[in-house]
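Chains as they are written, first to last, in this note's numbering: chain A, 868 to 1263; chain E, 820 to 917.
Don't read these hints as lab results, they were simulated from the structure. One should not assume that every hint holds.
Said to hold, decoys possible - BS3-like mimics (lysine-lysine), calculated; alpha carbons at most 25 Å apart, straight line: (1) A/K924 with A/K1061; (2) E/K823 with A/K1071; (3) E/K835 with A/K1093; (4) E/K835 with A/K1071.
Claimed, not checked - A few chain E positions that, by computed beta-carbon distances, are all more than 12 Å from chain A: (5) I872; (6) K880; (7) L894; (8) Y896; (9) T913.
Computed from a prediction, not measured in an experiment: that's the story for all the values here. Think of the CB as a built atom: it goes at the ideal place given N, C-alpha and C, for glycine as much as any other residue.
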Amino acid sequence: MVAKDKIVVEGLTGDAAIAHALKQADLDVLAAYPITPQTIIVEDYQKFAANGEVRAKVIPVESEHSAMSACVGASAVGARVATASASAGLALMWEILYCAASMRMPIVFAVANRALSAPINIHNDWSDTYGARDSGFIQIYCQSCQEAYDTTLMAFRIAEDHDVLLPIIVGIDGFILSHNVERVEMLPDDEVTKFVGVRDPFIKLDPENPITMGPLALTDYYFEFKEQQDRAMDNVPKVYAKVEKEFEKLTGRKYGMFEEYRTEDAEIIIFTHSTPGGTAKAVCDTLREKGEKVGVVRLRMFRPFPAKELAEAMKHAKAVVVFEKCRSFGAPSNPLALELKTAFYDLGKRPMVTDFVIGLGGRDVPPTTIVEGYERTKEYLKKGEAPLYETLGVRK
Amino acid sequence: MNEKYNEIPIAGNIVKPGNATEYKTGGWRAQRPVHNPETCLWIKNGTCGRCWIFCPDGAVKLTEKDGKYFYEYNLDYCKGCGICANECPTNSITMESE
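Chain E with its partners taken away, still in its complex shape (with noise of 0.2 Å):
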């Protein structure tokens, strides 16, 4: 980001597809999903995932792995919009205060 106005490329137009994720956009969070395993139907028995359908930044991450099934955010690029709070079934997730 420490470039000069002839070191990038005309018109700011990307050159280089895909590369958004170099973008960080977990900056803009004003408030951050927590998670409760407990309850949660995903790590229960692996169904469910509304957050991980939902979440417009591909933020949440669904694993599974010999028959245990993990979960966790990628707070690089979750924005913290919250949705994936309101759409959880079993509310399972709450938003808090960075």
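Chain A on its own, in the form it takes in the complex (with noise of 0.2 Å):
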């Protein structure tokens, strides 16, 4: 473990650690375009690159379009590549982010978790990277800024690995926790350049030996390649325990694909990922002390979805209770809710599932939110019937 007088200890916005992150994982390029609320990592990131402090090319596009294009590009040579969105952004990433995770281009890309337009709304919920659930990204969602910090320089080792090469999103929520000033714990700049190591490419665009990449694959083809990215999600779990395993090492911290929270004896299991998972976890606490068997399950990797394991850690329960910050509308369930009502329904005896909706457009989630899901559940056990979702936190 790296000594504790080298570790750097700084009070760091969530948006700030990532930025620290990126500094350090010593990128070859960085192309974003500036959206609220990921403002701050590309501000400071471009004041590293001005303090040349980085040897990074920064790009400044005309849209986040073009932002995951040039990092597409950037990757296709062989360099490390990162950028950082939110909401619109993301929204206008979109034909991109498909090319990007077909084309196998290990992108690590922050997203400052935001509502979706209209109203606009600058403010927390999860519909952003909920609708690239579908994108080939692999997604990973923080609770802190520590979390942040460790997070984006794990992501570019798993995204890299040649058993995955796959474009990673780390996601934070927005303001809650992208503009919260945090303690945060940084490795010494020596430690991260050896545990990051330098990008080496599987096959890249080179003058000297050229290919072409992202041609046209039609009904002969296109389904293989297809295969091939799916395999390749496949092994994110494996790669990304080897990964963690190395930086425990390192530090000391570790966090797993999900986090079991006082589950062991828990009836009612509490679901749910990013800040929400401190406020539940906080809430898990004050019931215990009354006497209720609660814990909490705390998702980290949404993709892939660790189904299996997530049914082994919630099976002995009698229901599990789903917040979740993003409404599918026109669906019977919502996309957190949903995987994990699949995990279960293999087993042979599930537990009921109980799913609310909360947070839109960053509506604040207290503990009385939470505690509200809970007791409504504990009503649904005992009728033996529960809706199949139910918003949460808005005045109807």
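Build the complex: two chains, separate frames, hints provided.
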């Protein structure tokens, strides 16, 4: 483990923590277009570049579509690449998200999760990255600024591994985490350099050895390339575990694909991710003091979704209460609960799953919202049935 | 074309340049160009060649041997777009259904 006196401790926002991680990860290219609430990430990184603290080429492009396109181009020549965005910016990248994943470009993409228009809203929910859940990006969500820093560093190793070669989204809750200052322990530069290493491209554009990337593939080959991509996604948990083990040796910190909190004897488990995970754990402690058998599973890795592991971790519960900041309009359930129900389907005895849509457009999620969902779930358990989903915290 | 997913380059990359020739696009054709040597200027005196210039697939082949001019199509690559017929100043090319 790195000696304590070598660790730099600073008060950083979630955005700044990611900017510092990007600085130490020794990028070659950062291409981005400014959008709230990820602004500080690129602003801080531009400052590092202007001060000569990083040697990366920063490309201030004219739109997010161009930002992701520039990232794909840079990644294709073998560069280590990152970008950042949110909400409408991420939506404008849409076409190229799929290109980045299908062309197997290991781009690290920091997202400060923000609601989508309309009405225009700069605050947090998960509609932006949930919408991109089928794009082929790995998705990891963070609860704290420390976790944002740590995950960003690990993201390069996971994405660039030759068994993976996929782009990765590191998600933090807009404003709630992106703009809140927390204590962050940073590794010394030389330790990070050793940990992240230099990108070793599997294949790259090279004038000496010309190849074509991203060409046409129709009925005869397209499906085979999708098979490759699917299998690459399957490799993520194995590579993630390997990378995190190394990271733990360095820092003593590890997170897993999800965090289990007081779940062993829990009859009801709260399932959520990002900042509501912290609120849920605080609520859990209070309820435990009152004798309630409750626990929390806080998800980190949403793509690939660790279905088997989650089912194993929660199968003993009577019910699982899902809290998620997204409404999938017209769907019988919402992205997080939908995945969990699929994970539970093959269990002989399935826990009841209740699904609460919370915090859209940054609506505050106080502990009372979590308690309300918990109490309702207890009632539904008594009745033996629950609605497919409910909104919570909205005036109705 | 029978390769499995793990027998082809990653992500559809074309790792050998110039292999577009292996992809016979002539199969897309619904109409084929039919050439009339009687009125064709290339056959007559080795001039014009507009069909050769405008063909997007290099499927028109104009050759000369011992002062004689020859004309043929490479139907492996002719997609039947009809540009040659459209460009011909003497209407020596007509498009006929396959």
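Results of checking the hints against the structure:
1. A/K924 with A/K1061: This hinted pair holds, its Cα atoms lying about 22 Å apart.
2. E/K823 with A/K1071: holds, 23 Å
3. E/K835 with A/K1093: holds, 21 Å
4. E/K835 with A/K1071: holds, 13 Å
5. I872: holds, 26 Å
6. K880: Check passes; 25 Å lies beyond 12 Å.
7. L894: The assertion about E/L894 holds, with a minimum of 20 Å to chain A.
8. Y896: holds, 16 Å
9. T913: holds, 30 Å
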